[in-house]
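Since each chain sits alone in its own frame, please combine them into the complex, following the hints.
Chains as they are written, first to last, in numbering that gives the first Met the number 0: chain A, 0 to 196; chain P, 0 to 472.
These are calculated hints, taken from the structure and not from any lab test. Positions of the beta carbon are idealized from the N, C-alpha and C atoms, including for glycine. Hints should not be assumed to be uniformly reliable.
As the list claims (entries may be wrong) - Pair ranges (Cβ atoms, derived): (1) A/Ala22 / P/Gln7: 53 to 61 Å; (2) A/Gly132 / P/Phe201: 31 to 39 Å; (3) P/Ile25 / A/Val70: 48 to 56 Å; (4) P/Leu2 / A/Phe85: 42 to 50 Å; (5) A/Ala153 / P/Asp264: 30 to 38 Å; (6) A/Val70 / P/Glu31: 28 to 36 Å; (7) P/Lys343 / A/Ala157: 31 to 39 Å; (8) A/Pro122 / P/Thr39: 17 to 25 Å; (9) P/Gly415 / A/Ala157: 42 to 50 Å; (10) P/Thr39 / A/Ala157: 46 to 54 Å; (11) A/Val70 / P/Leu363: 56 to 64 Å; (12) A/Arg163 / P/Lys343: 24 to 32 Å.
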Amino acid sequence: MPLIAFYILGAIVALSAVLVVAARNPVHSVLWLICAFFTSAGLLVLIGAEFLAMLLVVVYVGAVAVLFLFVVMMLDVDFVELKQGFQNYVVSGAAIALILFAEIGVIAASIGPGSNATMDPSPGADTNAEAIGAVLYTDYLLLFQLAGLILLIAMIGAIVLTLRGRPRAKRQNIAEQTGRKRKDAVELRDVRPGEGV
Amino acid sequence: MNLITDLQNSAPEAALAIIGLAAVLIGAIVGEGSRLLIRTIAVAALAGAAVLAAQQYGSGRLEAFGALYVATPFVAFAKIGLYALAAISLLVSGKSLKEAAVDRYEYPLLILFAALGGGVMLSANSLMTLYLGVETLSLPSYVLAAFRRDHVRSAEAGLKYFVLGALASGLLLYGCSLVYGFTGSASYDVIAEADLSIGLTFGMVLIIIGLAFKASAAPLHVWTPDVYAGAPTPVVTFFATAPKLAAVAVFANVMFSAFNGHETDWSPIIAIIAALSMIIGSLGALTQSSLKRLLAYSSIANVGFALIGLAAGVEVGASAILVYMAIYVVGTLGLFVGLLTIRKDGEPLDTIDDLNGLAKAKPLVAFGMTVLIFSVAGIPPAAGFWGKLAVFQAGLEADLLWLVLVGVVASVISLGYYLRVVWAMMVKPSDSTLDRSDWVEVAAVVGASVAVFPVLTITIQSLLDAAASATLG
Chain A
0 MPLIAFYILG AIVALSAVLV VAARNPVHSV LWLICAFFTS AGLLVLIGAE FLAMLLVVVY
60 VGAVAVLFLF VVMMLDVDFV ELKQGFQNYV VSGAAIALIL FAEIGVIAAS IGPGSNATMD
120 PSPGADTNAE AIGAVLYTDY LLLFQLAGLI LLIAMIGAIV LTLRGRPRAK RQNIAEQTGR
180 KRKDAVELRD VRPGEGV
Chain P
0 MNLITDLQNS APEAALAIIG LAAVLIGAIV GEGSRLLIRT IAVAALAGAA VLAAQQYGSG
60 RLEAFGALYV ATPFVAFAKI GLYALAAISL LVSGKSLKEA AVDRYEYPLL ILFAALGGGV
120 MLSANSLMTL YLGVETLSLP SYVLAAFRRD HVRSAEAGLK YFVLGALASG LLLYGCSLVY
180 GFTGSASYDV IAEADLSIGL TFGMVLIIIG LAFKASAAPL HVWTPDVYAG APTPVVTFFA
240 TAPKLAAVAV FANVMFSAFN GHETDWSPII AIIAALSMII GSLGALTQSS LKRLLAYSSI
300 ANVGFALIGL AAGVEVGASA ILVYMAIYVV GTLGLFVGLL TIRKDGEPLD TIDDLNGLAK
360 AKPLVAFGMT VLIFSVAGIP PAAGFWGKLA VFQAGLEADL LWLVLVGVVA SVISLGYYLR
420 VVWAMMVKPS DSTLDRSDWV EVAAVVGASV AVFPVLTITI QSLLDAAASA TLG
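So here's chain P without its partners, still in its complex pose (with noise of 0.2 Å):
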């Protein structure tokens, strides 16, 4: 047992934590005066943390603290994705929450604090260090979503996820309890070894529940329109990427790590929750008017394909994950992005009619935009079909093809509602002016539009070949 061995096989969580508390220190002494440092320092220091998880991924499998840290390339890989997200969505929030009148310096540390929370989830190798992950990460997001406390959905979103969230860990406690019990360790090495009783069957059924809700997997999603819809629109920025990619990364590590013995008993389990998120998400959202709510339908969706990799089991599906994911998140963010440029005398607006000529107002983010929903529609040649593909690949090869199949249909029903706001942007006339943008958030729009097409749809490759070779082992 060496401290300082630890601390360097966990350099990206250790990193983070010790810079968010100094950076805690720095706020409070200095007060609202230290916004920019801070922000500065939080974007620099996830930043940082994206380096280091990328040393973690070509290191093997590392341990710390026991055993209850493991770093294996798998998890390397979605942190790398984690912290460069969450850098992101927050440089690019800066003038929107300025306008909302809430930009305060606890935003980027709660930030900084949600991002390290799913960097220790990722890690974890053991249920107590899970569940204090997931919490770390959801702690956070409860009072982000509440951040514009003066605005009355803001609050809502808040409460609701709170609540709802809350209630989500007890069934994941309880699970975790149920599966320490019936083995004798909350280690994933030790449940790994374990025989399927009864008491792990429910065990692993309720850890499955409660990971799915964080997931936002139907028919566990019921959260996600009401806190997208009501959160400020940069926070939502940070939850449709950073902690979505962590959450459908933790579920498919737990699984594989822990249960992968039991494979052919959740499978099932798994492929039913990713049918039903396909066709609630692809269904739901085509009713919606409100841009913020159909992208939280897609997104639902979108977990359900992911999970198509997850029920397809590790050999062909943990890369699989990868690759969709990597892929998806890059394309939200640059829609949400692109919800931000949309403001009307500082207010956000949120509805498709008040895309109604974008193409006119804004050329370069109506255009970027149109890239990115292709993308996350899967339409080739954009980056997202390759995602898509591989993730049907490894349904078929594990013989999941009514799986695939309820996947296709839900593709084809999806492009409803995505043509409908490539539609609005490009054919409507307009009917409002809108602010100027930021030039942050269009350059993040374009890079997003340019990493999904060309960028990724030629390097898909090497994209391919680092997620194959991000192994659990």
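Okay, chain A solo, but in the shape it has when bound (with noise of 0.2 Å):
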């Protein structure tokens, strides 16, 4: 059973990888990208490692797609241009995909069929996110730390770059208008016939 699943979440990985570079519509390719981590997250449960499934759900479909999403669709990019060298580059590019093939025919003639060597994905608890966390509170808690440190440094760093207060923004300030008077705003004026103001 998890056989046939494997070769149908495979299957469904490829052909989504093969539309996101196919598909007209660059929409549609982040669309089939994001297909492609959803069954690839289902590839992982299948080994047994959920944690890593719910990491690549979480990080690349809900953060990376979606910036990508974001960046494809308010840039302005001209795909039809872009595409337009593609036969100039079809034979080098070809060259380099056969040898990226013939790399992995290489790697799997080597490894050869009997060193499927038994692994446990979440060595000392019942699930891989109870491994991890055990280790990462207690053995690593400075390492976690201090990596969550450097991330609010980033932060940090981002706002003093970038932030700027504009004083000359225009804000609503209900207060001020709900307070304006008629004697503020309005002033009545007897213009004569043929005069102005």
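Structure representation (structure tokens):
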């Protein structure tokens, strides 16, 4: 049963990866990318790494892919123009792809069928989230907190370098708005015909 | 595993982190009105951390967080300097920040977190702690370099530092991963026991490259003059002192703790780096007209001198590095604060010609800077001479005669530009009027010059003894 699920999910990952490249509309490309991420998360669940699967969904689908979507939708990129040089690169691109596939083949051949060693995805605990959590907040507390501190510094740095107070920006001041009297805003003048104000 | 013991053993960093986070909250809630309060808190916290580090110095080897963090007397010695220098450079930066209109409450916070990162990487006993410490130091440094963000050269300095620093971090990390892969552990203790394999050699060399970048040793020095010239002078006062001391001490700590068994393999690499730094630093400074660039090249050369001690190995070199760097950073601190005092209509001036006639306009500053230049150049009787003597002696004891000779030649060449600065201050006539300087700045220049001569000259023996007892064990 897991083998069937693996082949189904693997086929979907491969298909959506092809569609990411092939789709004409860049927004569709990103949506296929999200589909590929989701299905890869399913593959991770199959090998017992459910924590990594959650991370993949939260980080890549939740943040990275949505960021891509924003960029694709907000930037006015002319994809027709981008694709115009396609024919010039077909040969070199195909050569690189061939080399990469050959490398995968060499590795697959050298590993051989005999060496699929079993591993324990969650040592000393029921789930991998538990196994990671048990060391993250004990053995590696210092490193975990330091990583958090680095993120905080990055946030402070981004604010320091980009945030600008805008003294000339117009903001709605409700107290001022409702406190306005008739005499502040309206003035009555007796205008004679033909003379103007 | 006991959290209380861990925090006690890592007291300087724990205190800094907690106070820093509290100060971030105060700043976020109160806003710009809390500038003075946060600056005071940060200076007090850094001074307190220096005191706590002094306690660590006296209590031997302290371990915390499952030996991810280790404080030996060697690193505690460097930490005292790191925190004290960070506090002083923060203290003297007030007026010039205000005049450059970049006096914001994030400034002291970033300095505080950078110093914390320096302390963590000094106390690292694992490649993971080392890397996180390096990043905690580097990230605020990138932001500080670009702190005057409306000034095009400051923004350029920040971007340059960021891109090159990220590359160096990548090399360091790649080295760490190779070392981890070939020894099976990220802990210095385990790496020290491992046999030298080809993978470990590659990893070690990549780690050396990454650390040499952080210490701005040649041939990875190219960022230094540009960043020093572009970044605001108060920020450079910090860069050239506290992180410089920390980076050289970390370099020594990693080589001496993790790779001490393979000294014969890395010592020639360090010797070449040291020689290149001394030559490039001394020759590069000769043609500079900008004082900040001149001091940047001078700092490259001085890192080269300190690395002679590293190439000499742990027995003779460890204390020489500490003595040399301690004396050097006091001198540099004074010189950069001296640069801070030279302003005209609120704009900092930066060329050697701007120093003309300083002896008449600001006699105290000019005289103090002259003493400091003598110390940094290593002219007796200023304390810098004893520092150079210590590293040269270490080099001779380790049979590195050629390296010491290169050092002597570089020292002689460096007199050329040091004396040019003294000549401008003392002899040339003035042609402009400078702003009044802040008393804190003048006091810092005079204090630093009194420290290098006569105080450190007289008490040099106790400094040598203190460094000699700063063991790595």
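Structure-based check of all given hints:
no.: 1; hint: A/Ala22 / P/Gln7: 53 to 61 Å; result: 59 Å, holds
no.: 2; hint: A/Gly132 / P/Phe201: 31 to 39 Å; result: 34 Å, holds
no.: 3; hint: P/Ile25 / A/Val70: 48 to 56 Å; result: 36 Å, violated
no.: 4; hint: P/Leu2 / A/Phe85: 42 to 50 Å; result: 59 Å, violated
no.: 5; hint: A/Ala153 / P/Asp264: 30 to 38 Å; result: 37 Å, holds
no.: 6; hint: A/Val70 / P/Glu31: 28 to 36 Å; result: 33 Å, holds
no.: 7; hint: P/Lys343 / A/Ala157: 31 to 39 Å; result: 34 Å, holds
no.: 8; hint: A/Pro122 / P/Thr39: 17 to 25 Å; result: 49 Å, violated
no.: 9; hint: P/Gly415 / A/Ala157: 42 to 50 Å; result: 44 Å, holds
no.: 10; hint: P/Thr39 / A/Ala157: 46 to 54 Å; result: 26 Å, violated
no.: 11; hint: A/Val70 / P/Leu363: 56 to 64 Å; result: 57 Å, holds
no.: 12; hint: A/Arg163 / P/Lys343: 24 to 32 Å; result: 28 Å, holds
This entry does not satisfy hints 3, 4, 8, 10, going by the numbered hints stated previously.
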